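Model the full assembly from the supplied sequences, consistent with the hints where possible.
The lines below spell out each chain.
2 protein chains.
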Amino acid sequence: MNSSIHPFDAAIAFEPQGEGQWQGHTSAAYANMVGPFGGVTAAQALNAVLQHPELLGEPVALTVNFAAALADGPFEVAARPARTNRSTQHWTVEFAQQQQTVLTATAITATRRRTWGADDEPMPAAPAPETLERADLRGRVEWFRRYDMRFAHGFFPPAWDGKERDSLTRLWVRDDPPRPLDHCSLTALADVFFPRVWRRRATMVPIGTVTMTVYFHADAAQLAATGSGHLLAQARAQAFRNGYFDQTAQLWNQQGELLATTHQLVYYKE
Amino acid sequence: MNSSIHPFDAAIAFEPQGEGQWQGHTSAAYANMVGPFGGVTAAQALNAVLQHPELLGEPVALTVNFAAALADGPFEVAARPARTNRSTQHWTVEFAQQQQTVLTATAITATRRRTWGADDEPMPAAPAPETLERADLRGRVEWFRRYDMRFAHGFFPPAWDGKERDSLTRLWVRDDPPRPLDHCSLTALADVFFPRVWRRRATMVPIGTVTMTVYFHADAAQLAATGSGHLLAQARAQAFRNGYFDQTAQLWNQQGELLATTHQLVYYKE
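Chains A and B supply the protein sequences, listed in that same order. As numbered in my numbering, residues 1 to 270 make up the first sequence, in order. As numbered in my numbering, residues 1 to 270 make up the second sequence, in order.
The set of hints was computed from the structure by calculation and includes no laboratory data. Hints may contain errors.
You can't tell identical chains apart in this list, so a pair holds if it fits in one copy or across any two.
[Stated by the list, open to error] Heads up, simulated DMTMM-like pairs for lysine to aspartate or glutamate below, C-alpha to C-alpha not over 25 angstroms straight-line: (1) K269 x D120; (2) K163 x D120; (3) K269 x D166; (4) K163 x E121; (5) K269 x E142.
Keep in mind the model is a prediction, meaning the values are calculated, not measured.
In structure tokens, the structure reads:
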């Protein structure tokens, strides 16, 4: 790896294979327990749209469906503008391995104009990141080491004792090494939470995200202004039922601006 | 229209055109200001999956992207199982008019097993539906008349005076005439809220939903048990910024069971 390239940029880089087609690779730097960290996979799906020569505007919404576990190694990427309007564009994306679909995604990009605006979900109070200790996650999965995480509420349960509690987590998080925020890294950050069911049940059951949606409230200029500082990331579940739970989450910058809201549905066993 | 068929079933019915292909029609009974009520369009996208001969299991997630305004009349529907696993299936759906894509969607279906479960978003207190007056929405758009709506909080602002307030709405809602709940009608109900920006700003600006996601926490048996009673539906926005706002919403049955959580991103002008 070229040491002047941030590991995240190396992870989401593609080799062009023709119009709207690329080859991507899973990244050892963002390895999960099995296969890659889903946040980077989601960022790669967005990056396919952003690399496309017909791109109009900036991302406003992304939905990524994890159809199968990615095997470590290369995969084929295809992105297509399904519909281009005056100021919005609708995208479909697919990843394949061994000619089998492993991921489907849709995205919407748009040219945005300044309008009236307001945040209806205020940033919750939390101690400043400098006053919190960085979580020591060495020895766990590799991708944890690519993020500086400082938990303000809802870290891993103190014991895996099956004692039920709330599903809420709040943490400050940024790339490590620091990297100026953009829509791809924000997408990955939207998947940074450990499984809500582990917190809720204090029990480590097998899980897997099946679908994830990100709504981008910030444009590129606002992300650039945010820079490489910590974001306050908050996640909780609304329902756990018969093998699936949802997660609803928000990411604010230190100025209290809500940059993205995100949701996912996660499979869990038992 | 056959008077023995519920208008919702008539609205989402398709004419088969070959494997995974159908013709759908917009429905005058569910007409919006311009074109059809998006909730019925979303239900039609789900119905394409449910009609497919290769269907595995029941819906757990649906994302519908409204790529262009549907013109009143027929449209072409195509659904494809992109990936079939042991207990989950990933779907892509597209609608076209005049050979132009007007809608893209993805869905996930799954066979569900009984597991540990919990609701982390309790049903808010609200007066019983019988104690609230049905909202008189005659003279507004046609599709409003297909729903019995009883607002417990956050009806239309008392005056369109630009006075800012919260973006929260809570209402009891069911099909009119009553119809036993299923995943298609629940999908439509997930889009039943008037635009959050109208409530927040007390100003009627032009809007349009660009994407909508539904997570189904209830299986067919739980929906059948819910029957045709009112659901408590709650929606609010988290951020309004530069032409787009999000909506996060929940739907409970009268027993307090969270049946679905849903999110959308909505374009607004000015």
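Comparing the hints with the structure gives:
Taking identical chains as interchangeable, the C-alpha atoms of K269 and D120 lie at most 25 angstroms apart only when they sit on different chains, with a minimum of 18 angstroms there against 35 angstroms within one chain. Only between protomers do K163 and D120 lie at most 25 angstroms apart by alpha-carbon distance; the minimum there is 15 angstroms, versus 33 angstroms within a single protomer. In the homo-oligomer, the alpha carbons of K269 and D166 lie at most 25 angstroms apart inside one protomer (19 angstroms), although the nearest pairing across protomers, at 39 angstroms, exceeds that limit. In this homomeric assembly, K163 and E121 come within 25 angstroms of each other (Cα to Cα) only across copies, at 19 angstroms, whereas the closest approach inside a single copy is 30 angstroms.
When the C-alpha separation of K269 and E142 is checked against a cutoff of 25 angstroms, the pair qualifies only within one copy, where the shortest distance is 23 angstroms, while the shortest distance between copies is 44 angstroms.
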